[in-house]
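Chemist: Each chain is listed here by its residues.
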Amino acid sequence: MTGNVQMPDLKNTSSKGSKILGVSSLVGFAVLVVLAFFLTDPDIRFHPETGEEFGQFDAVRLLYIHVPLISVTYLAFVICAIASAGYLIRRTLWWDSLAHSSAEVGTLTCALVLATGSIWGRPVWNTWWEWGDVRIMSTLILFLMFLGYLALRRAFESPQRAARPAAVVALIAVLDIPLINRSVEWWGNRTLHQKSTLSEFKIEDLTLFTLMFGILISLLVMTWLILHRFRIAWLEHIEFEQGVQTAIEERRQIDTKEKQR
Amino acid sequence: MTHLGYLLAGWGLSSLAILLYAFRLLKRGAQLSQRVPAEHARWISSPRQNNG
Amino acid sequence: MEELTPRQDRIQKKNSRLLPKLAGALLLIAVAIVLFKTLGNASLFFYPVDEAVEKRVELQDRRFRVIGVPQPGLVETALGGVQVIVFTLCEGDIYADVAHEGDPAELFNPGVPVVLQGAWIENDPPALDKLLNPANDGWHIKTDSMVVKHDNDYRADRAELESCDSG
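Residue numbers (the numbering used here), protein chains in the order written: chain A, 1 to 261; chain B, 262 to 313; chain C, 314 to 480.
Hints are supplied without guarantee of correctness; some may be wrong.
Calculated from the model, a selection of chain C residues having no Cβ within reach of chain A, i.e. all distances over 12 Å [as the list claims (entries may be wrong)]:
id	residue
1	Arg369
2	Thr390
3	Ala432
4	Pro439
5	Asp466
Pairs of lysine-lysine, DSSO-like flavour, derived with a Cα cap of 27 Å [claimed, not checked]:
id	chain 1	residue 1	chain 2	residue 2
6	A	Lys257	B	Lys288
7	A	Lys11	B	Lys288
8	C	Lys462	A	Lys195
9	C	Lys462	C	Lys334
10	C	Lys455	C	Lys443
11	A	Lys16	B	Lys288
12	C	Lys443	A	Lys202
13	C	Lys462	C	Lys368
Calculated directly from the structure, the hints in this document are not laboratory data.
We put the beta carbon where it would ideally sit given N, CA and C, even for glycine.
Please work from the sequences and hints to get the whole structure.
Modeler: This is the structure we're talking about:
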């Protein structure tokens, strides 16, 4: 059976899968808010000698968004690095679009990691910002490097020309992630950040579930954002190529007319 | 609830920033979709068959 | 003649690409500033109490950061018209008395490690006799900046406070 394939009109960058993902993310986020604000307990402990309350109190609820944001930031930048390596090997639009999309989403979540960390730090640490903290500083450097990555991509008119230098920058920038992650172990008692809670299993029950659920929901959100950003990058590239083809055609027509004269 | 201002600032800022970015993506996607022929959109997986 | 005239749209495109390049240069400067700030602060890395005590003569009146566990028995008093909180900081079995100027951190509590910034003073802190287990060595650290180093334990019933060997 032969027949012409007619594509439906393209109205936006959504697909059935992305719509399901989007709705799941929104519902999941609503559940996360209920868990984080109403079902989990505040961090309150009692001093064994004085009997006084101490802990993070309700400020602990900020961690249910701060930690998931860190997880997706790491993941987005790792995807960017893998896609950048893929681009350097294969030189295809698919790898480049994936690298660009994940870098943009990762930069947004990284900015939010710094912001939510700062907001949490004020009541818990007694400071908005700590210049001497290795984890904060290495995260800030990661953010600035990927901001530079995005600026570099915009500095070139042709997306193809930007792809190679951007891929190299991404591969260098991602090396900062192990430093951020391990800094609390390597610098131990010389840095303000606490050591990893998850790797030492110092969290349990609903607190652990909420944190894990938050990570899952932020993964869904990140996937939705990268998917849509990827499709935009893809269409932008097609549009640019079409523009170049049109310009070449126009130039040819002008040349032909001039020759005829 | 203690630290409510900090909680609202952290959660509010994060939700708002992601929502705004998502809307911006949808808007830009819709704009580009008007200008680029549908055959370039690989995510439309069920093209209609026209046997005519 | 017309061919040599730069086209307006090209000029605009060139200008529109200038901004990201400038942004890139500014970001490089920002990274350099961050590195400079961090390395500059390296001299202010925390000394644990035992190291701060050991380097007391060497540090003289220089400002430094010290990390330690405040001991129970906080005394609020006034020093030269300024409100201070006096307590003993420890690391292992080494103790140092502290007079902290200004409001303590919101979550400041005995047993929760703090990072303080200040300098050594060669005399007793005010209200020394009211401290439960003072270092009482003729010195104290006068501090004016306090941050809390929160632990990584989120198990409400199992979380333990830091204690000193003989505290």
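Chemist: Run every hint past the structure and note whether it holds.
Modeler: Hint by hint, here is what the structure shows:
1. Every CB of chain A is more than 12 Å from the CB of arginine 369 (chain C) (nearest about 19 Å), matching its label as outside the interface.
2. At roughly 19 Å, the least C-beta separation between threonine 390 (chain C) and chain A is larger than 12 Å, which holds for a residue marked as non-interface.
3. No Cβ of chain A approaches the Cβ of alanine 432 (chain C) within 12 Å, the least distance being about 17 Å, so the stated non-interface status holds.
4. Residue-level check passed: proline 439 (chain C) sits 22 Å from the nearest beta carbon of chain A, beyond 12 Å.
5. Listed as outside the interface, aspartate 466 (chain C) is inconsistent with that label: its C-beta sits roughly 4 Å from the nearest C-beta of chain A, within the 12 Å cut-off.
6. Using a Cα cut-off of 27 Å, the hinted pair lysine 257 (chain A) and lysine 288 (chain B) is violated, with the two alpha carbons roughly 41 Å apart.
7. At most 27 Å may separate the alpha-carbon atoms for a hinted pair to count; lysine 11 (chain A) and lysine 288 (chain B) meet this at roughly 11 Å.
8. For the hint linking lysine 462 (chain C) to lysine 195 (chain A), the alpha-carbon distance of about 10 Å falls within 27 Å, and the restraint holds.
9. About 40 Å separates the Cα atoms of lysine 462 (chain C) and lysine 334 (chain C), which puts this hinted pair outside 27 Å; it is violated.
10. Taking the CA atoms of lysine 455 (chain C) and lysine 443 (chain C), the gap is near 17 Å; set against the 27 Å cutoff, the hint holds.
11. Distance hint between lysine 16 (chain A) and lysine 288 (chain B) is fulfilled; the C-alpha atoms sit about 18 Å from each other, no more than 27 Å.
12. This hinted pair does not check out: lysine 443 (chain C) and lysine 202 (chain A) have alpha carbons roughly 37 Å apart, beyond 27 Å.
13. With a C-alpha separation of about 22 Å, the suggested pairing of lysine 462 (chain C) with lysine 368 (chain C) holds against the 27 Å cut-off.
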